[in-house]
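Residue numbers (numbering that gives the first Met the number 0), protein chains in the order written: chain V, 0 to 263; chain H, 0 to 240.
Hint data in this document are derived by calculation from the structure and do not stem from the laboratory.
Far from chain H, some chain V residues (derived; all Cβ distances over 10 angstroms):
| id | residue |
| --- | --- |
| 1 | Leu24 |
| 2 | Trp26 |
| 3 | His29 |
| 4 | Glu42 |
| 5 | Tyr43 |
| 6 | Leu44 |
| 7 | Pro79 |
| 8 | Val132 |
| 9 | Glu148 |
| 10 | Asp152 |
| 11 | Leu174 |
| 12 | Pro178 |
| 13 | Gln203 |
| 14 | Arg220 |
| 15 | Val233 |
Simulated coverage check for chain V against chain H, where a stretch passes if three residues somewhere in it have a Cβ under 8 angstroms from a Cβ of chain H:
| id | segment |
| --- | --- |
| 16 | 57-64 |
| 17 | 68-76 |
| 18 | 93-100 |
Glycine is no exception: its CB is placed at the ideal position from the N, C-alpha and C atoms.
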Amino acid sequence: MLELYHHGTSVCAAKPRIVFAEKHLDWVGHYVDIIKGEQFAPEYLKLNPKHVVPTLIHDGHVIRESTVIGEYLDEVFPDPPLKPATPLDRVTMRMWTKRLDEELHPATGIVTYAISHRHAVIAQGPAVVDRWVNQAPPADRARRRSRIENGIDDPEAQAALRVYDRFLADMETQLAGAPYLAGPAFSLAEVGVMPYVNRLDMLQLSGLWTGTRPHLADWWRRMKARPSYEPGLVKFLPKELGELMRAKGAEAWPKVRAILNSGG
Amino acid sequence: MLELYHAGLTTCSKKSRLCLKEKGLPYQSHYVRLDRFEHHTPEYLKLNPNGIVPTLVHDGHVVIESGVINEYLDEVFPERPLRPADPLIRARMRVFCKMADEYALPATRVPTWTRTKSANLKAMSDQDFERTIHDTPLVDHQLKMKALRAEGFSKKDFEEAYGRMDYVFDRCEAALGEGPYLAGRDYTLADIAILPYVFAFNLVRKDLFESHPRTREWYERVMARPAVKATYEPSGEAPAH
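The following block holds chain V by itself, in its conformation from the complex:
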């Protein structure tokens, strides 16, 4: 039996859901509400000491880390394969998934917070904002306050936005020469990247590719048409969070465009 501990907005938790759908695997979900802090519950910490989602349980065995889970599921359920057929294409696939984990993942958290999620904290009043700032160690508080007050004007948020933009530029280059990120077929590179592009789409930032990055735009159209898109990326998203991201993202777009056009 396959069991997944997951949440609707987590980019990493979406990856195994996409794999399940691509491979037509039945699974049982355990929803961990990370907005309410359920990932810190003692029972969950036993499964996942880093208190993050997802966690996969396969016949009682615990597997953590979405990238590792993806490779695992493909080895145990090889049909249809989600790893490219040649070792060199598998290198390309792993370069994408590695870059997601080490470079894009931290940037995504910063960008999402700067554009959208900080507003959910601000809406609860100055006392909640202060509490949120003071949760950080003293040396980090000024930076944390800047992040909540300045949003996308914060230098750290702008740097994260540039990381994202470079990533999209590299996707465009790759997709100009091949239909998929790791060569001729859909692979775990797509599974990994889809939630991050979807995040930008949810934040109404699709202007980062529409009209300017045609191969990426075409790739994303094809990804959204796959049967794995809805169960992977739409079905579990909390409605109010989706609405917040849409509203605040649309507001932020002119500024995002101006920041990226200014270079730097």
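Please build the complex by placing chain H on the supplied structure of chain V, with the hints as guidance.
Coordinates of chain H only, in the frame set by chain V:
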């Protein structure tokens, strides 16, 4: 033909050499002098746009990133396998490989760069330093080099690095309760990924082996392997300078 561009002292270069030697694969060694910034030359950047070592060239195909290189080598040359056959144990192996890249590597840079790069960066003229920064592709490396030239890494940087070292040793100690090697019964890419960091951390944190006896035993066990000895001994391919 296999060619490896590497620098003897770096943890990531050691990872790929450990894998090549363990599998008994002959390769042509290209030693890259980091102190002369040979990794920032236009010729090298064509192979490795990030300007870091190692880089593997296999029959003309370029593969970068030590963890990716090692999985590639094990796929293309399956003799003397370094990945477990069981997917579950392989997942355990990959968690350690990820930990090496995401936790251990950033931790080792703080003491290691202080020791190996700081004096060199401080001795440069402003003009040379500006050019060096300009030639450094990774923004993260630019920031660290600027910090080293100014006042060095902060107390907070060291605290964070030491915390990461504790974490890596704790994870090793827990895993080694189950098997002689990090992923269990067999010596795998997990051991290869972690060994250079345990070696490097031990240079600055003698306390860690005392509080992590199983990790110390594991270290002694793996250091006795011929391939590991050959990687760590100063030799023509990796001079100690």
